[in-house]
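Enquirer: Here are the chains, one letter per residue:
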Amino acid sequence: MSTRDVTILGEPAGSDRPADPGGEGKGEIHLVHLYPREMSIYGDLGNTRCLAARIRRHGYVPVVHQHHPGAELPAQVDLVVGGGGQDSGQVTVEDDLERIGDRLRELAAAGTPMLMICGMYQLFGNAFVTVEGKSLPGLGILDVTTHGNEKRMIGPVVLSTDVGDVVGYENHSGSTTLGAGQAPFGRVRHGLGNNGTDGTEGARSGHVIGSYLHGPILPANPALADTLIGWAAEQATGHPFAPETLDDEVARQAQQRQVRRLLA
Amino acid sequence: MLRTTAAVIAGKAARTAARVRGGGTGGSALPGLVAEKVDPGFLAHALRDVPQVVVVSGTNGKTTTTKMLVALLRAHGRTVFTNPTGSNFTRGVISAMLAELPLRGRLHADLAVLELDEAHALHFARAVAPTHALLLNVARDQLDRFAEIDHTAGLLTELAGMTTDGVVLNRDDPYVNRIAGGLRDGVAVRWFGLDAAIHDRLGELAEHDAREQDDFEAPPAGAEDGLLEPVDESAMGIRWGAADDAERLGPVTLRQRGLAAMINATAATTTARMLLGAAFEDAAAERALRTVAPPFGRGEVIDADGQPLELVLVKNPAGFTVALGTYGSTPVASMIAINDDYADGRDVSWLYDVDFSELRAKGVALTSGVRGWDMALRLQYDDVPVGGTETDLGAALGQFLAEHAEEPKRIFCTYTAMLALRRMLAERYDVPEMGTEVEEGAP
Ligand SMILES: [Zn+2]
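Chains A and B, in that order, are what the protein sequence lines are.
All the letters of the first sequence, read from the start, carry residue numbers 1 to 264 under UniProt numbering.
All the letters of the second sequence, read from the start, carry residue numbers 1 to 443 under UniProt numbering.
By construction, these hints were calculated from the structure, which means they are not laboratory data.
One should not assume that every hint holds.
[To be verified] Mimicking SDA-like on lysine to any residue, the simulated pairs with C-alpha atoms at most 20 Å apart in a straight line are:
| hint | chain 1 | residue 1 | chain 2 | residue 2 |
| --- | --- | --- | --- | --- |
| 1 | A | Lys151 | A | Gln182 |
| 2 | A | Lys151 | B | Pro408 |
| 3 | B | Lys362 | B | Gly325 |
| 4 | A | Lys151 | A | Thr92 |
| 5 | A | Lys151 | B | Asp150 |
| 6 | A | Lys26 | A | Glu234 |
| 7 | A | Lys151 | A | Val131 |
| 8 | A | Lys151 | B | Tyr342 |
| 9 | A | Lys151 | B | Leu155 |
| 10 | A | Lys151 | A | Glu132 |
| 11 | A | Lys151 | B | His151 |
| 12 | A | Lys151 | B | Ala119 |
| 13 | B | Lys362 | B | Pro408 |
| 14 | A | Lys26 | A | Thr197 |
| 15 | A | Lys151 | B | Gly154 |
| 16 | A | Lys26 | A | Leu192 |
Hey, can you work out the whole structure from these sequences and the hints?
Expert: Structure below.
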């Protein structure tokens, strides 16, 4: 554990260490949270907590790594998560992201699932163009471009996605447009989404998903969490995902109440 | 007719009208709006004869700290104008003034102590430069309004830059700490914070989203700076500076438990000492701190059929974490009510920046409010047993009171949930009307 690691609330001690021999269950899944200090505001660490808890409930063993600027990514990476940050946080991680960019692009190309929220979603795109017209390059893993603007897009969101309804909360000042062949993550049914005009929210390429939704997005949308875990389990073990049946009634209630309320 | 007199008359009329309609006790913003419209210079004029104008701002603890500071000053015989509990917008201040203003529109008081949120504090300072500012902390709260912590910190920095005589700053808050660099020449700085012996408890007060700021260093504490020395859950002392032979105040036992109330008391006392100078008396200060009651909803205790029912307002991660730390040592039957109106903070993501494991042993009887299911889900991830979820506040309260009639109870609630619950409780029990609390701490 790095001294820079932050507390992931609820995570048991030692969940950053590999399983004891014989205790791997259905297999180890190595989860990396990028820049937990700089890029995980608005509860985005809750996504990592949700994934680790559900990986465990499905009978696998999560190994939770935190990646800080200047450090090396672990040898095994099965699932990558990133969150939103303030402008100051974003500036702090830009150089490091460029440094580990090739590795992230390789992982993405090899099918490693990734969930990038808000600021990290923007940094996974082609570029961020500031209000002054300056273009800052991104990783280019998602074919999106973000323009800074004065107007902040804030409020609750309901989406239709490949995994069904998704609810969350957006809070961003960048306005994002999708490249010609880039699929969105979802269609906006309530809220503003990528730019408030074209009805798209987020972006998805293969197993990489970018979205503006905080909330955090995963706990109230367990189908999305399990989709990411399923991809990661296959990646990690070489076998099809073997989920347990989980009781998600509370999550379903939380999600569907928001859907009904916002679409009413 | 003088413009200000016209404003006072118009404002007083609006105030009366608001009261007739049942709009409360003068804390409503409308009369202030009317007065400000008639005379934009209203505030500056009204405060012209008040020698010291003190603004209290920051994210957490404004209401409690303001109440304590007012009590401290009144205990020293000072006449103090203050805005009613929680009305921390400029117009709320004017509305409150209208009750006390003579028609020519100038307030008579030794001091004005005003609780203002970050944006309104700045708005106020542009109209009237405060002589003093007490800046508590910068935490994530109501991000719908201010969007980013850095922005909120910027508002306070600007406010401090407009203050003419003295500022009191939190040594342990990285954002507030940095403000000292941007003051006008000759403005005095006093610090408050935790004594080095309890520095490991800083995490209980610290803002989660400030973790990238952790490389800052607290400035050295001199003999005018207040350092908190807790004795137990509710007794505390203050040492003046870090020197071995430092003078000390207390110990005194507060009527509110926990580290947050103690740090607020430390902030208020350090400020009172700055404002009063040589007139500051330990005995008067201790008496004020001992007697000042918690503001409504901040650990307020209601007698519910012979059993105490505590209402605990929670509005952001730092505040909720502190509240759980404060009350965790005495687990009782608990309910949590989360709404997501504007005044609550519309984004409930913050619940994931609070550690609920303190509640694991006793569990939570009921979650409620519009986001009651989200709260239950959050508790599930911290392995806290939840007895049930009832999003309707009235039904939930009825069920909670009925099922836990013979034991002490506690409700953690967001702002609008608290207002609603309080109204319902007032129909059953003796609950003081909001904004009409009796004056305390007077000699
Ligand atoms: Zn965001």
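Enquirer: Indicate, hint by hint, whether the structure satisfies it.
Expert: Evaluation of the provided hints:
The hinted pair formed by A/Lys151 and A/Gln182 fails the criterion: a straight-line CA distance of about 25 Å is larger than 20 Å. Taking the CA atoms of A/Lys151 and B/Pro408, the gap is near 48 Å; set against the 20 Å cutoff, the hint is violated. For a cut-off of 20 Å, the pair hint linking B/Lys362 to B/Gly325 stands: about 14 Å separates their Cα positions. A C-alpha spacing of about 24 Å is found between A/Lys151 and A/Thr92, which places the hinted pair above 20 Å, so the restraint is violated.
Taking the CA atoms of A/Lys151 and B/Asp150, the gap is about 17 Å. The hint holds against a cut of 20 Å. For the proposed pair A/Lys26 and A/Glu234, the alpha carbon gap of about 11 Å is at most 20 Å, so the pair holds. With a C-alpha separation of about 11 Å, the suggested pairing of A/Lys151 with A/Val131 holds against the 20 Å cut-off. For the proposed pair A/Lys151 and B/Tyr342, the alpha carbon gap of about 18 Å is at most 20 Å, so the pair holds.
For the proposed pair A/Lys151 and B/Leu155, the alpha carbon gap of about 19 Å is at most 20 Å, so the pair holds. Proximity of A/Lys151 to A/Glu132 is assessed by CA-CA distance (about 15 Å); at most 20 Å being required, the pair is judged to hold. Under the criterion of a C-alpha separation no larger than 20 Å, the hint pairing A/Lys151 with B/His151 is consistent with the structure, at around 15 Å. At roughly 18 Å between alpha-carbon atoms, A/Lys151 and B/Ala119 fall within 20 Å of each other, so this suggested pair holds.
For the given pair, B/Lys362 sits about 13 Å from B/Pro408 by alpha-carbon distance, which is consistent with the 20 Å threshold. For the given pair, A/Lys26 sits about 45 Å from A/Thr197 by alpha-carbon distance, which is inconsistent with the 20 Å threshold. Taking the CA atoms of A/Lys151 and B/Gly154, the gap is near 19 Å; set against the 20 Å cutoff, the hint holds. About 40 Å separates the Cα atoms of A/Lys26 and A/Leu192, which puts this hinted pair outside 20 Å; it is violated.
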